[in-house]
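Undergrad: Each chain, letter by letter, is given below.
Protein chains: 2
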Amino acid sequence: MTGLAGCVLCESIGGRLVFEAPHFRVIHADEAGFPGFYRVIWRDHAAEFSDLSAAERSACMDAVAAVERCLREHLAPTKTNLAALGNMVPHLHWHVIARFEWDTRFPAPVWAAASRDRDVDREAIVAAQLPAAEAAMIAALSKRTS
Amino acid sequence: MTGLAGCVLCESIGGRLVFEAPHFRVIHADEAGFPGFYRVIWRDHAAEFSDLSAAERSACMDAVAAVERCLREHLAPTKTNLAALGNMVPHLHWHVIARFEWDTRFPAPVWAAASRDRDVDREAIVAAQLPAAEAAMIAALSKRTS
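Respectively, the protein sequence lines represent chains S and H. Under my numbering, the final residue of the first sequence carries the number 146; numbering is consecutive throughout. Under my numbering, the final residue of the second sequence carries the number 146; numbering is consecutive throughout.
Hints listed in this document are in silico derivations from the structure and should not be mistaken for laboratory results. Treat each hint with caution, since some may be false.
[To be verified] Between beta-carbon pairs, the in silico distance windows are: (1) S:Asp121 to H:Arg144: 17 to 23 Å; (2) H:Glu20 to S:Val8: 37 to 43 Å; (3) H:Ala47 to S:Ala29: 41 to 47 Å.
[Stated by the list, open to error] Calculated from the model, a selection of chain H residues having no Cβ within reach of chain S, i.e. all distances over 12 Å: (4) Gly6; (5) Ile13; (6) Gly14; (7) Pro22; (8) Ala66; (9) Arg69; (10) Glu101; (11) Pro107; (12) Pro109; (13) Ala127.
Idealized CB from N, CA, C, for every residue including glycine.
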């Protein structure tokens, strides 16, 4: 493993671990108001997506697409959002976020100011579907990396 | 072409056209304060990244990586940011954004509230590098899609 001293994603899991493959891991992120918020974190330290080889980019985005597909199938979000920003933590990680028309920011990005209050009842309904979504992720990702 | 009536990205270019390939186009987005803001727009109407086939996803992300690489080489950004959100316009488009530590939001995402005033002098220096960056994009993308 290529780790960078002091990099939080080299030195910690970065969330609740859902799946670990040789080159990436999937975690559930505990982000208030967004129950269906996952991250695909590249194992080795790389700041930018274009630092990866074509084969690595393909493996990475195949995982992102698999996570997205499981969120769509199990959570039925209004939209999914994908982003690799890394301004704060420049270690390649993809946000894969199920968005709902009732969430606190929709249709704005999750990083914008809130436009409505949280709907904790609807959040709880989504949260109840996470185990099934994660079982599907594990099944899909295991098939890819076996 | 699979177009959807009423979809702004099916019915218009969506910015200043830099490059057009059979399955995607690259445009420069006129976003105040972010001179190095490009979008890779998938030609056919698809709402979600996981609606694409594996080969299509690969072609799409290869273009995103090529644009990112040209921004890095010619604009020397502090970080590049990638995102496919589509909450407002659910037609697959990737934001590819050169970010600088002096821009109005850094290190927050471009969609967050501004934390400082614009630095129009530095923006102009970046803008002056765009023709060279775009020439490099065209060369890189032409090689891929020929």
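Undergrad: Is it correct that the beta-carbon of glycine 6 of chain H has no partner in chain S closer than or equal to 12 Å?
TA: Fine: 16 Å to the nearest Cβ keeps glycine 6 of chain H off the interface.
Undergrad: Does the Cβ distance between glutamate 20 of chain H and valine 8 of chain S fall inside 37 to 43 Å?
TA: 40 Å, holds
Undergrad: Just double-check glycine 14 of chain H for me: nearest Cβ-Cβ distance to chain S has to come out over 12 Å.
TA: Consistent with the label, glycine 14 of chain H stays out of reach of chain S, its closest Cβ about 17 Å off (over 12 Å).
Undergrad: Is the nearest Cβ of chain S still more than 12 Å from the Cβ of alanine 127 of chain H?
TA: 21 Å, holds
Undergrad: Grab the minimum beta-carbon distance between proline 107 of chain H and chain S and tell me whether it stays above 12 Å.
TA: 4 Å, violated
Undergrad: Grab the minimum beta-carbon distance between alanine 66 of chain H and chain S and tell me whether it stays above 12 Å.
TA: 8 Å, violated
Undergrad: Compute the least Cβ-Cβ separation between proline 109 of chain H and chain S, then decide whether it is above 12 Å.
TA: Check fails; 4 Å does not lie beyond 12 Å.
Undergrad: Are all beta-carbon distances from glutamate 101 of chain H to chain S longer than 12 Å?
TA: Its Cβ does come within 12 Å of chain S, the nearest being 9 Å, so this is violated.
Undergrad: Say whether it holds or is violated: proline 22 of chain H keeps its Cβ farther than 12 Å from all Cβ of chain S.
TA: Holds, since 19 Å exceeds 12 Å.
Undergrad: At 12 Å, judged by beta carbons, does arginine 69 of chain H keep clear of chain S as stated?
TA: Contrary to the label, arginine 69 of chain H does not stay out of reach of chain S, its closest Cβ about 4 Å off (not over 12 Å).
Undergrad: Tell me if the beta carbons of alanine 47 of chain H and alanine 29 of chain S are separated by a distance inside 41 to 47 Å.
TA: For alanine 29 of chain S against alanine 47 of chain H, whose Cβ atoms are near 23 Å apart, the range 41 to 47 Å is violated.
Undergrad: Does the beta carbon distance between aspartate 121 of chain S and arginine 144 of chain H stay inside 17 to 23 Å, or does it fall outside?
TA: Violated - the Cβ-Cβ distance for aspartate 121 of chain S and arginine 144 of chain H, about 48 Å, lies outside 17 to 23 Å.
The structure shown violates the earlier hints numbered 1, 3, 8, 9, 10, 11 and 12.
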